[in-house]
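Participant: Following the hints, put chain B in place on chain A, whose structure we already have.
Chains as they are written, first to last, in the working numbering: chain A, 1 to 332; chain B, 1 to 318.
It is worth saying that the hints were derived from the structure and are not from the lab. Heads up, some of the hints might be wrong.
Away from chain B, derived, C-beta distances all over 10 Å, residues of chain A [said to hold, decoys possible]:
hint, residue
1, Leu79
2, Ala116
3, Leu141
4, Ile250
5, Ile257
6, Ile299
On the chain A side, residues computed to face chain B include the following (Cβ under 7 Å) [as the list claims (entries may be wrong)]:
hint, residue
7, Glu24
8, Asn50
9, Asn53
10, Leu152
11, Thr159
12, Ile184
13, Ile254
14, Gln309
15, Thr312
The calculated lysine to any residue pairs, modelled on SDA-like cross-linking and capped at a C-alpha distance of 25 Å, are [what the hints assert, rightly or not]:
hint, chain 1, residue 1, chain 2, residue 2
16, B, Lys192, A, Val51
17, B, Lys318, A, Val51
18, B, Lys167, A, Val51
19, B, Lys248, A, Leu98
20, B, Lys167, A, Leu98
For each residue, glycine too, the CB sits at the ideal point set by N, CA and C.
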Amino acid sequence: MDATEFNSASTGSLGTTAKTVLREAGIGIALIVLIIVFSLSTQHFLTSSNVTNILTQVTINLVLSIGMTFVILIGGIDLSVGSVLAFAAVVAGTVMTLPGLDPSVAVMLATASAVAAGILFGLLNGLVSAWWGIPSFIVTLGTLNVARGAALQVTGASTIYSFPAAFNAFGSQTIYGVPVLFLIALLLVAVGWFVLTRTVFGRVLYGIGNNEEATRLAGHNVFFYKVAAFTICGAAVGIGAIIYMARLNIASPIIGIGFELNAIAAVIIGGTSLNGGRGSIIGTLLGACIIGVLANGLILLGLSDFMRQMITGFVIILAVILDKYRERLTKA
Amino acid sequence: MAIVEDRMKFGKIIAAGILAASLTVPAVSFAADKPVVGLVMKSLANEFFKNMLEGAKTHEAKRGDYTLKAVGMQSETDIETQINAVESFITEKVDAIVVAPADSRALVPPLKRAMEAGITVVNFDVALDEKAKQEAGVELAFVGPDNRAGAKMAGDALAKKLGEGAKVVIIEGNPGADNATQRKLGFEDAVKEGKLDLIDSRTAHWETEEANSVFANMFTANPDIKGVMAANDSMAVGVVKAIEAAGKSGQIEVVGFDNIPAVQPLLKEKKMLATVDQFGQQMAADAIDKALGVLKGGAPLKGWVKTDIKLVTSDDVK
Chain A
1 MDATEFNSAS
11 TGSLGTTAKT
21 VLREAGIGIA
31 LIVLIIVFSL
41 STQHFLTSSN
51 VTNILTQVTI
61 NLVLSIGMTF
71 VILIGGIDLS
81 VGSVLAFAAV
91 VAGTVMTLPG
101 LDPSVAVMLA
111 TASAVAAGIL
121 FGLLNGLVSA
131 WWGIPSFIVT
141 LGTLNVARGA
151 ALQVTGASTI
161 YSFPAAFNAF
171 GSQTIYGVPV
181 LFLIALLLVA
191 VGWFVLTRTV
201 FGRVLYGIGN
211 NEEATRLAGH
221 NVFFYKVAAF
231 TICGAAVGIG
241 AIIYMARLNI
251 ASPIIGIGFE
261 LNAIAAVIIG
271 GTSLNGGRGS
281 IIGTLLGACI
291 IGVLANGLIL
301 LGLSDFMRQM
311 ITGFVIILAV
321 ILDKYRERLT
331 KA
Chain B
1 MAIVEDRMKF
11 GKIIAAGILA
21 ASLTVPAVSF
31 AADKPVVGLV
41 MKSLANEFFK
51 NMLEGAKTHE
61 AKRGDYTLKA
71 VGMQSETDIE
81 TQINAVESFI
91 TEKVDAIVVA
101 PADSRALVPP
111 LKRAMEAGIT
121 VVNFDVALDE
131 KAKQEAGVEL
141 AFVGPDNRAG
151 AKMAGDALAK
161 KLGEGAKVVI
171 IEGNPGADNA
181 TQRKLGFEDA
191 VKEGKLDLID
201 SRTAHWETEE
211 ANSVFANMFT
221 ANPDIKGVMA
231 ANDSMAVGVV
241 KAIEAAGKSG
251 QIEVVGFDNI
261 PAVQPLLKEK
271 KMLATVDQFG
281 QQMAADAIDK
291 ALGVLKGGAP
301 LKGWVKTDIK
311 LVTSDDVK
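So that you can see chain A by itself, here it is in the shape it has in the complex:
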């Protein structure tokens, strides 16, 4: 990439930055409206313990959604997320409960192995879809089954439990009412935001989502970037698995079923386009919060399970319709 190209790319991104901020503001307003509605209509919504609850419940989905944002930005999708989470969790659980290991060593090794397991599947997804040019929808549908089967095979379908007491306690720790696990997720949001908006790497990912051929002609190794996006998603899933274990003190091969759908929903509600090229991590953070606030608030309102499911579905449809309008505005 020569200097003139880079300049034109960055001036181009200035315009999109303004649009991104506007888009995020819209989602932020939606979230605030929801919060106001639930605060007025229910007794306990804005209590400190409930805020702690919501943040706890948002955390895993937020971490998965950060990874998913990278994949969707390049125009891909990762359906294997929930299964890979289960695989990473049972690998980490097995390591953590190895006899004769010092608890702190066990936790560190387990964390490393969860992330490694996630990266392994991310690499697999990325390499296969980028090398043969297969839609990631199909490839990750395959790895969804591979990872679930592997998780069941490793454990013989049994649940792993009784992790070190300190690890268990860490999972429910809070600082001024904010769960430590959520702070970890926020840190990942910050890293993701920086990578996507302040590095050439991030700008190229947007470029691939907008126009893959042009990005290739500009001299970028598109293959590398695609594999990288899926690998980042896999690593996020590995971290999500450790967070799951810290929060619930179990690891089982049947956890995480359907988590990919929640993550995709958070990313889409957060304003990232399923076609790739448009969207942001901050939007994803807001999207995950909207899903968490809805799930919590609708229970506090006393709505039935079935009504809750319908409303959450409608919100996703609404988000996609809004995205269509945004698309027209951007083109105009």
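Facilitator: Using the frame of chain A, we list chain B on its own:
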């Protein structure tokens, strides 16, 4: 030349002999001494059914007088695999089919065909739908636990511990699943009898993480909850963690169902009051015993043959 011809003849005779043997011998041995039992299981990804299958395999080795052919499915809702399994068992002419149906209606027609083909059919774990059986004109016994009675035992233990008027909630299994419905009804029976105050009842789809979130939210809405009845132990684990996170350990009692290994430490530390063991490992083996009994000339099974259930508390965990 003659020798060669003789050899060829000899070879042909041997070949024919082997062919005949391979065609007839297994069939003869199936029919004469060892009956073949086809076992149709639910998802082997579920620890409960995997243990059940292992129990059946141990049982086969122990009895030694029958051959077991087991088929599991990919997921809880993979009904087609079960139907295909029944159909291939009919083609193979097995002597008995023992089935834990994934859908209490969809399995009725293929099982009817099996019975018409002279195969002994025993239904276990989840009962086939009465109406569907009547419409098909099938008389089929059910071998299995009384989920409603089991849930009532757990609910009764909770009522006894909390006393009248205590506020309780139910965490349900998958809406529409028969065992989820039965367990919910059993919990409600205990609520009525123990005069508990049931303030909410929601599904967490059998899942730990969802139960953890759903209960935390229910508890926020109703901070005076004193007891929780979870329709399985995986969800009870999530509820216990939510209580811990809220700093209310020991102030809210939890009962579950299934007696999985992961709740043993919770029962021991009295973070859980009780669970219910329905001896899943035994269930398939019991059903096979019943099928073999009929094959050996016993009376055909009728109605509901109930299997054991037992309340498990901290006293049982040592």
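Participant: Hint by hint, say whether it matches the structure.
Facilitator: For each hint, the structure was consulted:
1. Leu79: Nearest chain B Cβ is 15 Å from A/Leu79, so the label holds.
2. Ala116: holds (23 Å)
3. Leu141: A/Leu141 is indeed farther than 10 Å from all Cβ atoms of chain B, at 14 Å.
4. Ile250: Contrary to the label, A/Ile250 does not stay out of reach of chain B, its closest Cβ about 6 Å off (not over 10 Å).
5. Ile257: For A/Ile257, whose nearest Cβ neighbour in chain B is about 8 Å away, the distance does not exceed 10 Å, so it is violated.
6. Ile299: violated (4 Å)
7. Glu24: violated (26 Å)
8. Asn50: Status holds, d = 5 Å.
9. Asn53: Given a least distance of 5 Å, the restraint on A/Asn53 holds.
10. Leu152: holds (5 Å)
11. Thr159: holds (5 Å)
12. Ile184: Since chain B brings no Cβ nearer than about 16 Å to A/Ile184, farther than 7 Å, the hint is violated.
13. Ile254: holds (6 Å)
14. Gln309: violated (10 Å)
15. Thr312: violated (13 Å)
16. B/Lys192 to A/Val51: violated (34 Å)
17. B/Lys318 to A/Val51: Roughly 39 Å between the alpha carbons, so the hint for B/Lys318 and A/Val51 is violated.
18. B/Lys167 to A/Val51: holds (24 Å)
19. B/Lys248 to A/Leu98: violated (31 Å)
20. B/Lys167 to A/Leu98: Between B/Lys167 and A/Leu98 the Cα gap is close to 41 Å, so the pair fails against 25 Å, i.e. violated.
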